[in-house]
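K.L.:
Sequences and hints are given; from them, build the entire structure.
If you're matching positions, the sequence shown starts at 1 in full-length UniProt numbering and goes up one per residue.
Derived from the structure by calculation, the hints contain no laboratory data. There is no bait here: all hints are sound.
In the EDC-like style, the derived pairs of lysine to aspartate or glutamate whose C-alpha atoms are separated by at most 20 Å in a straight line are:
| hint | residue 1 | residue 2 |
| --- | --- | --- |
| 1 | Lys239 | Glu100 |
| 2 | Lys273 | Asp250 |
| 3 | Lys273 | Asp247 |
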Amino acid sequence: MLIEDAGIPPGTFGNIRFLDSGFKGSRVYSAIDGGRVVAVKIIDLDSSVDELAEAEREVLILSSLRHAHVTRLMRSFVNGHFLLIVQNLYSSLSLYRLLEGGFPDGLPELAVAFVIGDCLIGLTYLHKCGLVHRALSAAHLLCDDKGRISITGMRHSIAIAQGLSHDFPSQHALHNLPWLAPEILAQDLRGYGRPSDIYSLGILALELANGKAPFAGLEAEKVLLYKLRDIVPSLNASKCFREPFTDFTDRCLQYEPENRPTCIDLARHVYLKQVKKYSSLWRFIHPPKDIKSIQEAKQSPMKHTAEGDRATLRDGNSLSNDIHWSWEDSDKS
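P.N.:
Dropping the structure here:
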């Protein structure tokens with residue numbers, strides 16, 4: 001495929017390689033941009049009016065955020081009817097891919113605590129910015145080569161006024177059903193706010209511990225019924241996590257939003273205290289092949305080379321072929 005057909009202006013990036021297809025047909029490429037290895041997400045703005053509105057919101061939100069535990073927008077621009085969003089590539093491994101590829105039965109207890117702790121720091125920042133994420137899941141957490149966790153999937157987030165929102169998600173709700181709080185699914189006059197993310201955090205903790213999302217494999221109608229009847233998932237019987245983990249998830253999964261702790265409350269929980277002195281997930285598990293490839297590449301800087309006007313997308317074996325970038329993997333649960 002010619003790079004101009006893919007929406008990439010000729011000469012803008014070097015060493016362009018296709019990585020993955022994302023949410024709603026978006027495409028993700030690896031490339032060299034000013035000497036840095038980057039990921040370029042390309043959205044076709046002609047695909048639908050809704051896609052244009054969501055893309056605009058995603059860029060607007062990303063451009064306003066600056067935090068170590070939230071994925072950062074490097075730049076964005078429009079080329080014809082394509083929107084290009086450029087971010088660092090080294091934050092390339094989603095926790096969904098990590099579970100799928102190496103931990104189908106879940107992460108060790110301390111590894112789960114570390115991931116949740118990092119996620120909680122990022123979530124605290126988002127809440128201070130007046131945002132509700134609405135789609136916390138393993139697919140929307142990225143791990144970089146240093147073992148640090150950052151939150152992605154910001155296209156699903158929403159700014160809330162006076163602590164509550166009545167803007168109920170529709171298009172992505174089915175994909176994210178296992179993680180959504182009961183008050184979002186109820187779609188009543190009470191609305192929802194920051195506590196809905198706390199519920200999702202509890203589901204995320206169980207997903208990381210069990211290796212798959214709670215309610216996985218069940219029909220959507222049954223999952224909805226379970227949630228609205230306050231049927232709470234739990235740790236698999238085969239797992240031997242200690243009581244602080246169960247207490248942490250139980251607090252997050254309270255049916256009534258007002259009974260759930262805040263991010264600040266959870267940051268003090270004993271379950272997370274045991275990993276606060278560590279700064280890398282790789283202290284608890286071995287880095288997978290994807291991450292080792294990135295670490296080696298960063299030790300040998302790649303040169304930026306401009307592509308010709310009729311350059312084609314490369315498909316040979318390379319670093320990027322071993323990388324599993326996850327921008328919007330919520331439909332893979």
